[in-house]
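Trainee: Fit chain B to the supplied structure of chain A, relying on the hints for placement.
Line by line, the protein sequences give chains A and B.
Under UniProt numbering, the residue at position 415 of the first sequence is numbered 415, and the numbers go up by one with no gaps.
Under UniProt numbering, the residue at position 50 of the second sequence is numbered 50, and the numbers go up by one with no gaps.
Warning: the hint list may mix true and false statements.
Dumping the calculated SDA-like pairs for lysine to any residue here, alpha-carbon to alpha-carbon at most 25 Å [to be verified]:
#, chain 1, residue 1, chain 2, residue 2
1, B, 65, A, 380
2, B, 60, A, 380
3, A, 281, A, 461
4, B, 65, A, 385
5, B, 20, A, 385
6, B, 69, A, 388
7, B, 58, A, 427
8, A, 307, A, 423
9, B, 69, A, 552
10, B, 58, A, 307
11, A, 461, B, 71
12, B, 58, A, 391
These are calculated hints, taken from the structure and not from any lab test.
Source: prediction; values computed, not measured.
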Amino acid sequence: MTTRSEANATAGLRENFKFLALEVTKLIEDTQRMLASPREEVMTKIVARDDYVDNLKSMIENKCFRLLTNEDLNEGTIDLIRAINVATNNLERIADFGVNIVGQLGYLDDLDTLHRFEAEPFFESILSTLGVVEPALFRRDMSLALAICRSELEIDELYSAVFRRIMDDLRSGDSPEDLVTTLFIYRYLERAGDALLNIGEAAIFASVGEKLKVSEFQALEETLASASPDLDLDLDLADVDYQGIWETRSGSRIGMVHSRESGKRSVVFKEGRTKKVFEEKLALERWEQLEPGLPPKVFAYQENGDKASLLLEYLQGDTFQRIMLDSDGRACTNAYMMVVETIGRVWDRTLEPTHCKPNFMRQVASRLPDVFKVHPEFRGAPARIGELDIPSFDALLTEARSLDAELVAPFRVLIHGDLNTDNVIVNLPQRKVHMIDLHRSRLFDYLQDVSVFIVSNFRLKIFEPGPRRRLDQVTREFYAFAREFALAHDDAGFDARLALGLARSLLTSTRFEMDPTFSRTMMLRARYLIERLLSHRAAHGQNSWADFRLDEATIVP
Amino acid sequence: MAAEDDFRHESVQDRRSIVKYLHAITAGIEQGQIELGTADHMLALEPGGMIELEVQAKRKAGRVKFSIKLHWREDEEEPSTEVLEIKAGPRS
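The shape of chain B in the complex, shown without the other chains:
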């Protein structure tokens, strides 16, 4: 993913309407693909492999923050030229 592959969305919701967002996200995770972005710039994320999950809650002076973060790695697009050249299984 290039550096300009960046998306941010902010809104105000209530408890009921927020669930719609969370459903959309969990459905995307289940399918292994989440599409998101704006009309002129869409991103397709493919969560897979090992995904780090960080759930954080914070309460300070009457303000509450609850965050869920996912991290994962995806393969670089250009494979390096110096990879192994193993074609068949090692033991024939």
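So that you can see chain A by itself, here it is in the shape it has in the complex:
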């Protein structure tokens, strides 16, 4: 069976939907008339229209389900049909609210109470929005979809003003029954606004294929508009193709925005808490100054209260993680060499001979509640085997806190701050390395980055011998590279500090690892590293960290 064209498949639906939208519009107009002056013949019309709306709804629903189950349609058409179904249900609800409103009129003693408040702005907003539902949906018009969503905000504001006035009047004790009935009527209008928002979101879904909050689209629209014109970005919401917008662990949203016209630039859109996004912008500028082209270019930055958004260059290339897993040995070697050369260069160029305490255990402490929330089983109780006392995990971590004061880096460098192997982009053909997600970048102990890099390989749940061997080899090489840097810069406590850094990264990563076996492996490895450090100190004293050796077997799973 060949894929049926969208216009062909949805032609009948579109016709029905137009009638539905029109009928709901007329019903709401009749409702408005009834509120002004109730008349029997208008009431009869409303009842008839409501029946017709119900019939159209069932017809559209049946067609949607038949198309979705019987037809071979492409993904975009499937999304459109789902959106039509959602919009249909919400249009029918709006009609019901109209019927509910006229039903309330019967409880009013005196129409004057109702007429003290202005219903026209509500009806204006609802009716003008109903007029654009069909084109927003079927033409996948993003600006119309956003306009539909905005009407809900407008109606909410109108409602809250009316609500406050009704409350005031109620307090004055005058005609409370009619005031309560009036409140019910306005409440139905407010709910019609909610139904419109659902329709607007469904229309966005039809164009984007993913459920998104309206605020994020508004931010995207504004950020695109604020991008500097000399960048030749020339993207706007109408001709943009959205490729997945997803939520990151840190609660920010990231999306790729590709222009439908080929040859035009693609961009990455990020939205999150202002503080975080602003920090990222500063870090990006700092790295750009240090090594032009290393971070993505900032095209635009936009603040909107507690939310801010960034428009960034979409970098060509693959993450180093992908390359390790998917490429041949030669490509992987080349990429690895380019990555360590870049990292080494940044370390060399930014090194400051200022002591730096990474406070790895304090970092663990701040994440520990989250870790225990996901893995309450980690807490455990103290145990004993014969003469051997085994402290609880909590107790061990408490004891290890004193290590922070002793493990001090003799210098600091500009670190990435979250050097996962998928935050490193390598463009092999152009021999370029890029770093992304720089919002935690700062002058700090380089072992923060080294441990995160090593653990990002450790925690990949890849156990087939080939790829695992590749990951482990990269880990060992990277360890050797960092160790060489330590030797060249008299960092005698390298192994000890790295052990604690690894323990930190392993432990804090368990909060993202739901697999009980693997999270346990990570926790036990962290525990082993901490036990080794504590027993070394017990045997050799506080100033013996230069003698501590990290067993290379501890850095791979």
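Mentor: Positioned in the frame of chain A, the structure of chain B alone reads:
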């Protein structure tokens, strides 16, 4: 280690004689090599790297079970052809 690399030994001992077994095992762990098997099929285990240790005790209806398990990984014999080709240190 191939799948047929398998060894099992059962016996009845007393407290004193059991210690001989445990000594033999701990000595092997200390040396990083435990040889065990039968005359026609000997195994050489080389505990090394990270070793998972599981100590378990169970008492149920007058029967007691006490087990010590060690797990570790050893490198596969045939290296894959797709490993990295890094010879010298990355920073010369």
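Trainee: Hint check: residue 69 of chain B vs residue 552 of chain A, CA-CA at most 25 Å. Holds or violated?
Mentor: Judged against 25 Å, a Cα distance of about 23 Å means the pair holds.
Trainee: Check the hint pairing residue 65 of chain B with residue 385 of chain A against an upper bound of 25 Å on the C-alpha distance.
Mentor: At roughly 15 Å apart (the allowed maximum being 25 Å), residue 385 of chain A and residue 65 of chain B satisfy the hint.
Trainee: Take the C-alpha atoms of residue 281 of chain A and residue 461 of chain A, compute the straight-line distance between them, and say whether it is at most 25 Å.
Mentor: 32 Å, violated
Trainee: Holds or violated: residue 58 of chain B and residue 391 of chain A, Cα atoms, limit 25 Å.
Mentor: Distance of about 21 Å is within 25 Å: holds.
Trainee: For the pair supplied as a hint, residue 65 of chain B and residue 380 of chain A, confirm whether the alpha-carbon distance does not exceed 25 Å.
Mentor: It holds: about 22 Å lies between the C-alpha atoms, which stays within 25 Å.
Trainee: Could you grab the alpha-carbon distance between residue 307 of chain A and residue 423 of chain A and see if it respects the 25 Å cut-off?
Mentor: Holds. Residue 307 of chain A to residue 423 of chain A sits at ~23 Å (cutoff 25 Å).
Trainee: For residue 20 of chain B and residue 385 of chain A, compute the direct alpha-carbon distance and say whether it is at most 25 Å.
Mentor: 20 Å, holds
Trainee: Can you confirm whether the C-alpha distance between residue 58 of chain B and residue 307 of chain A stays at or below 25 Å?
Mentor: With Cα atoms ~56 Å apart, residue 58 of chain B and residue 307 of chain A exceed 25 Å; violated.
Trainee: Quickly compare the C-alpha distance for residue 69 of chain B and residue 388 of chain A to 25 Å and report which way the hint goes.
Mentor: The given pair, whose Cα atoms are some 18 Å apart, holds under the 25 Å limit.
Trainee: Residue 60 of chain B and residue 380 of chain A were given as a pair; does the straight-line alpha-carbon distance stay at or below 25 Å?
Mentor: 23 Å, holds
Trainee: Is residue 58 of chain B within 25 Å of residue 427 of chain A, Cα to Cα?
Mentor: 57 Å, violated
Trainee: Are residue 461 of chain A and residue 71 of chain B close enough, with their CA atoms no more than 25 Å apart?
Mentor: 18 Å, holds
This entry does not satisfy hints 3, 7, 10, going by the numbered hints stated previously.
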